[in-house]
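*Asks:* Sequence:
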Amino acid sequence: MLSLIITKTVISIFTILGLSWLTERVSPRMAGLLSGYPIGTAIALYFIGYEQGAAFAVDGAVYTLAGLSATLAFVVGYYYASRRWAGWPGVFLSALCGNIAFFTACLLLRHLPDQPLIAILSPILAILFFSWLFRHIPDKRIDNPVRLGWRVLAFRAFMAAGTVITITGVAASVGPEWSGLFAAFPITVFPLFLIIHAQYGSDPIAAFVRNFPRGLGALVVYCLTIHYSYGSVGITFGTLLSFLTATIYLMIYGTFTRQRARHNRQRPSSGR
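In the numbering used here, the protein residues as written are 24 to 295.
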């Protein structure tokens with residue numbers, strides 16, 4: 024049991040630090056897309072399957088798929104609160120609003136039938152709607168990044184690892200339905216929001232949010248692959264296959280967005 028907790032902690036630490044490091048060094052557009060990469064959810068679903076069995080995780084993945092709409096609800100709640108309140112009170116209230124939005128959405132989503140086709144419609148419609156809603160938010164790079172101290176590192180480690188351990192620890196008690204919904208919690212994004220918000224203000228959060236719905240498509244692909252692969256090839260190979268499909272999605276989407284951006288830059292010059 025102790026070795027399993029240590030493993031969860033180490034994996035969570037490295038994933039949150041890696042995403043935070045990338046966010047400070049690449050464009051917010053790329054960071055937002057990478058935030059949709061199945062990191063925290065993958066850790067949670069893998070260990071749920073490892074501890075409770077592949078069938079348990081397969082059932083839970085359907086609710087994780089639907090729960091991605093709750094992930095977007097968290098992001099929306101956090102974003103609008105961050106625009107309304109400033110300073111440290113703003114960080115606290117943004118976190119509170121984000122969590123309220125997430126768990127409220129979960130209460131509604133748990134009543135959906137546990138069918139993949141139905142579950143997939145919820146996040147897809149939410150992704151399309153919020154991508155349209157956030158299209159006017161400008162990108163803003165983080166300038167002069169603050170040197171990371173041990174307190175910040177410890178906070179990131181505690182938040183990510185603690186969330187993973189909690190979700191996987193209560194899985195047997197709450198069943199695959201709630202476990203799947205909890206696995207959709209923004210395990211790595213939440214502490215990242217808190218740190219970026221506290222250090223740089225709400226502007227980078229806005230740019231991050233702008234691209235988050237589009238990157239979330241990778242999680243849709245990941246959860247769908249988990250549902251169909253865990254029972255046939257096991258949790259380890261199923262996880263690898265799911266990461267592969269999610270990566271392919273992000274590569275295809277990244278290529279599409281680059282080509283569209285290049286086309287938009289060339290269009291004014293061709294009209295002269």
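Simulated from the structure, these hints should not be mistaken for laboratory data.
We treat Cβ as the ideally placed atom computed from N, Cα and C, and that holds for glycine.
It cannot be assumed that every hint is accurate.
[Unchecked claim] The calculated label-pair distances, taken between Cβ atoms and stated as ranges, are: (1) T259 with V197: 21 to 29 Å; (2) W108 with M274: 37 to 45 Å; (3) I28 with A109: 20 to 28 Å; (4) L119 with H159: 21 to 29 Å; (5) R283 with L148: 16 to 24 Å; (6) G224 with V193: 30 to 38 Å.
*Asks:* Against this structure, judge whether each hint is valid.
*Replies:* Hint by hint, here is what the structure shows:
no.	hint	in the structure
1	T259 with V197: 21 to 29 Å	24 Å, holds
2	W108 with M274: 37 to 45 Å	38 Å, holds
3	I28 with A109: 20 to 28 Å	38 Å, violated
4	L119 with H159: 21 to 29 Å	26 Å, holds
5	R283 with L148: 16 to 24 Å	22 Å, holds
6	G224 with V193: 30 to 38 Å	35 Å, holds
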